[in-house]
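Construct the entire structure; sequences and hints are all you get.
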Amino acid sequence: MMDFLASVFGSSNYWFIVVRSTAPILLVTLGAVVTEQAGIKNMALEGSMLWAALTGVLASAWTGSPWIGLAAGIAAGVAIALILGLFALKLDANAVLVGIALNLLSTGGTVFVLFSITGDKGISSSLPSKVLPMVSVPLLRDIPWLGKVLSGQNLVVYLSAAAVVVIHVILNKMTIGRRIRATGENVEAARAAGIDPDRIKFFTLVISGILAGLAGCFLSMGYTSNFTSGISAGRGYVANAAQVVAGGTAVGSIFAALIFGVTDALATFLQSRGLPPELIQALPYAVTILGFVVVTLIRDKREAARKLKLFAGKDDR
Amino acid sequence: METILQAVDLCKVYGNGTAANKFVNLTVRRGEILGLVGENGAGKSTLMKVVYGEEAPSSGSLLLDGKPVRFGSSRDAIAAGIGMVHQHFMLVPSLTLAENLVLGREPRKKSGMYDLDRAVRIAEELSAKYNLRIIPWARVVDVSVSMRQKLEILKTLYRGARILILDEPTSVLTPQETDELFAELKALRDKGQTIIFISHKLGEVFQLCDRVTVMRDGAVIGTHDIGDVDRQTISNEMVGREVRLTLDKTPAAPGATALEVRDLSFVDDFGITMVDRVSFSLRKGEVLGVVGVDGNGQSELVRILTGHARTLTGSVRKGEEDLTNAPPRRIRKAGVAHVAEDRMTVGAALPASIADNLLADRYSEPAFTGGGGFLRRSAIQAEAKGIVERFDIRCSSPNQSVASLSGGNMQKVVIGREFTAAADVLVVSQPTRGVDIGAIEFIHRTILSMRDEGKAILLVSSDLGEVLSLSDSLIVMHAGRIVAWFPEASAVTDKELGLYMLGLKTQDEKEIRKVLHA
Chain A
0 MMDFLASVFG SSNYWFIVVR STAPILLVTL GAVVTEQAGI KNMALEGSML WAALTGVLAS
60 AWTGSPWIGL AAGIAAGVAI ALILGLFALK LDANAVLVGI ALNLLSTGGT VFVLFSITGD
120 KGISSSLPSK VLPMVSVPLL RDIPWLGKVL SGQNLVVYLS AAAVVVIHVI LNKMTIGRRI
180 RATGENVEAA RAAGIDPDRI KFFTLVISGI LAGLAGCFLS MGYTSNFTSG ISAGRGYVAN
240 AAQVVAGGTA VGSIFAALIF GVTDALATFL QSRGLPPELI QALPYAVTIL GFVVVTLIRD
300 KREAARKLKL FAGKDDR
Chain B
281 METILQAVDL CKVYGNGTAA NKFVNLTVRR GEILGLVGEN GAGKSTLMKV VYGEEAPSSG
341 SLLLDGKPVR FGSSRDAIAA GIGMVHQHFM LVPSLTLAEN LVLGREPRKK SGMYDLDRAV
401 RIAEELSAKY NLRIIPWARV VDVSVSMRQK LEILKTLYRG ARILILDEPT SVLTPQETDE
461 LFAELKALRD KGQTIIFISH KLGEVFQLCD RVTVMRDGAV IGTHDIGDVD RQTISNEMVG
521 REVRLTLDKT PAAPGATALE VRDLSFVDDF GITMVDRVSF SLRKGEVLGV VGVDGNGQSE
581 LVRILTGHAR TLTGSVRKGE EDLTNAPPRR IRKAGVAHVA EDRMTVGAAL PASIADNLLA
641 DRYSEPAFTG GGGFLRRSAI QAEAKGIVER FDIRCSSPNQ SVASLSGGNM QKVVIGREFT
701 AAADVLVVSQ PTRGVDIGAI EFIHRTILSM RDEGKAILLV SSDLGEVLSL SDSLIVMHAG
761 RIVAWFPEAS AVTDKELGLY MLGLKTQDEK EIRKVLHA
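Those sequence lines, one after another, are chains A and B.
Using our numbering, the letters of the first sequence correspond one by one to residues 0 to 316.
Using our numbering, the letters of the second sequence correspond one by one to residues 281 to 798.
Hints listed in this document are in silico derivations from the structure and should not be mistaken for laboratory results.
Do not take every clue at face value.
[Unchecked claim] Selected chain B positions facing chain A (in silico; Cβ < 7 Å):
1. 359
2. 370
3. 379
4. 383
5. 386
6. 393
7. 396
8. 400
9. 437
10. 438
11. 442
Just so you know, even glycine gets a beta-carbon here, dropped at the ideal spot from N, CA and C.
What follows is the structure in structure tokens.
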């Protein structure tokens with residue numbers, strides 16, 4: 000088994016899959032980070048992904064264009080986020096409960112729509128849907144080993160890397176970033192400064208909807224080439240846990256998403272080893288929860304140690 | 281002097297039928313400091329909310345520079361040149377002072393990005409112009425309360441305020457910081473600013489204001505030039521009857537040690553040592569006052585003593601019993617009662633009834649819980665009725681929810697429960713915060729009568745006058761440490777205390793150790 004793992008971790012093929020698996024979870028984690036910074040939990044990321052994945056497939060099949068499919072998918076992702084905003088911000092419902100309700104609705108709703116159109120409850124393979132292109136990156140592809148990992152990925156993988164930069168700039172370099180933080184940290188202070196907290200929260204919801212929409216389209220138009228029922232597979236929920244691991248930063252999101260990506264890719268490889276597939280499929284989630292627990296424990300421990308140290312430091316007065 | 285702001289026959293009736301303002305007429309002159317005084321619920325806050333655009337008046341009008349104005353929100357009021365410094369600061373802790381200052385009206389680079397350098401420069405310039413010293417690049421969590429307040433004032437000035445409303449600004453300051461603030465406010469006034477100063481501390485109103493307007497029951501009772509009135513007149517106008525401003529207090533007869541506190545320490549989430557090896561002994565039959573600027577460890581000390589926080593070091597003992605880091609229930613069982621500083625979150629369960637709140641610490645006693653764990657409603661009602669009468673809690677029935685009571689009556693519920701608990705040690709924190717003068721008088725007398733019964737009382741309050749008049753002896757806390765002990769509270773002046781509160785003076789170790797009474 001050790002030999003097997005060593006050969007897996009050494010292969011560029013494995014890391015290629017890691018990057019591919021990380022991209023969608025990275026996108027939704029960024030979405031979760033942005034809304035959390037503004038003080039609203041977007042539990043409906045899962046629903047956004049599902050509708051985006053389905054809408055992307057349908058629109059690309061009808062128009063024959065993956066780009067129109069992508070645009071329509073993103074619009075669907077944003078729509079779900081806006082519905083959450085409408086209920087949570089305008090009608091004062093609990094955001095987490097609305098999010099879960101929307102996810103349940105999405106799980107059943109996407110299958111219903113799929114069945115109504117294709118007559119199949121499981122997969123959209125009867126539709127001539129398009130996929131988003133792979134990109135071979137000049138220069139990068141010529142680097143030995145690394146080129147094999149990073150070049151030739153789907154367009155959305157590169158977009159997810161760009162998203163990290165964009166979110167980092169929004170949160171740290173732009174005026175709106177300060178306003179987002181003010182809203183999340185002390186909503187009264189934000190309001191007193193003439194900021195409309197609801198507008199800020201809607202803004203972050205739209206961003207998270209775009210990101211989740213992008214992730215959803217990737218799943219059905221790149222990662223695989225069909226919509227299948229439950230295609231998001233809980234990634235929207237994982238994102239809300241990963242957001243904590245990310246510590247509220249765009250850069251931290253990469254690390255948090257990688258935990259999922261590394262194990263998700265590993266599961267793909269382990270399937271060839273004759274382990275029960277159900278167990279293997281559960282692995283990425285188990286590891287994410289474990290990562291979540293470990294990071295929280297480390298933070299708590301560090302916090303306690305820091306306190307003791309700070310206190311002991313006052314001894315030599 | 282010309283009038284800058286005027287309220288004419290202003291009424292505000294809330295949805296539930298409460299008339300918070302009844303035909304209020306208020307005149308504010310350009311370049312004056314106007315004091316607005318009144319008990320809690322007198323309508324000061326409502327009036328200011330209307331002026332600041334947070335509430336729309338039901339009838340009547342508001343004139344600014346002689347022209348009628350109607351504010352849809354505080355944004356309109358800010359645009360018209362009205363600024364407000366709230367009692368609870370409206371700041372974002374993790375952002376810097378400069379970032380907080382410009383929040384909502386941020387400077388941008390040509391590229392449209394946030395311009396942090398210019399934000400700092402703006403802060404430096406404003407700070408110099410109005411002589412309100414702040415550190416622009418420090419984060420709000422790291423600076424003192426008085427600097428946060430200066431920042432709040434600068435925030436309103438940055439937004440172009442000509443009329444500045446200050447809501448109880450001195451409640452978090454030491455006497456020295458208060459003097460400093462008053463000097464700064466007078467300087468602002470001399471530069472042409474108009475200031476409305478809301479307070480219930482009459483001494484400060486007389487020290488600072490040019491005129492004073494008194495409110496009671498939603499109406500303006502009178503407006504006076506400060507030179508033409510005395511404190512007694514204003515007090516009587518506020519309460520509507522003769523008030524006794526002094527307490528009759530007999531000398532204390534301290535007995536044996538009731539609570540032995542040794543070497544307690546606490547570090548908060550920001551890594552700041554809030555309590556630093558605090559030791560004292562609390563004796564029976566005495567009120568030991570704890571004095572300090574808010575945020576110097578008093579709250580954390582109380583939380584450790586009552587089981588709401590864990591100490592890193594040391595011990596708490598009551599007789600033979602070790603109460604170090606014990607849960608609240610065991611501490612209560614051992615005979616330590618706790619009047620929490622925040623009645624809204626810790627002291628009372630707001631949606632629950634008065635009776636349920638009064639019996640929250642004793643419902644499981646056999647007298648109230650019969651066999652099989654069923655509550656005995658009649659016994660509970662009888663006990664609650666007794667406490668309601670004894671503590672003069674104004675309500676229609678003990679089954680009314682605590683949330684529907686006024687601040688003063690809510691506090692009486694908390695006091696009623698804790699003072700009738702089977703306890704001989706009382707940890708009392710901020711007993712009269714936000715309570716009207718009538719109830720304050722009552723609570724103060726009750727605390728003294730508990731002392732005369734031989735109970736040991738630890739009194740923490742940010743109202744210096746209150747601690748000084750009730751305490752027998754005093755400890756002063758600064759930066760989490762006990763910096764002074766005074767065996768005779770009556771022999772100390774507030775100016776002297778201020779020096780210790782600010783950490784400018786510290787008694788030597790030997791003097792402080794005397795509070796151990798060992």
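> Going through the earlier hints one by one, which of them does the structure break, listed in rising order?
Replying inline: Checked against the structure, the hints that fail are numbers 1, 7, 8, 9, 10 and 11, while the rest are satisfied.
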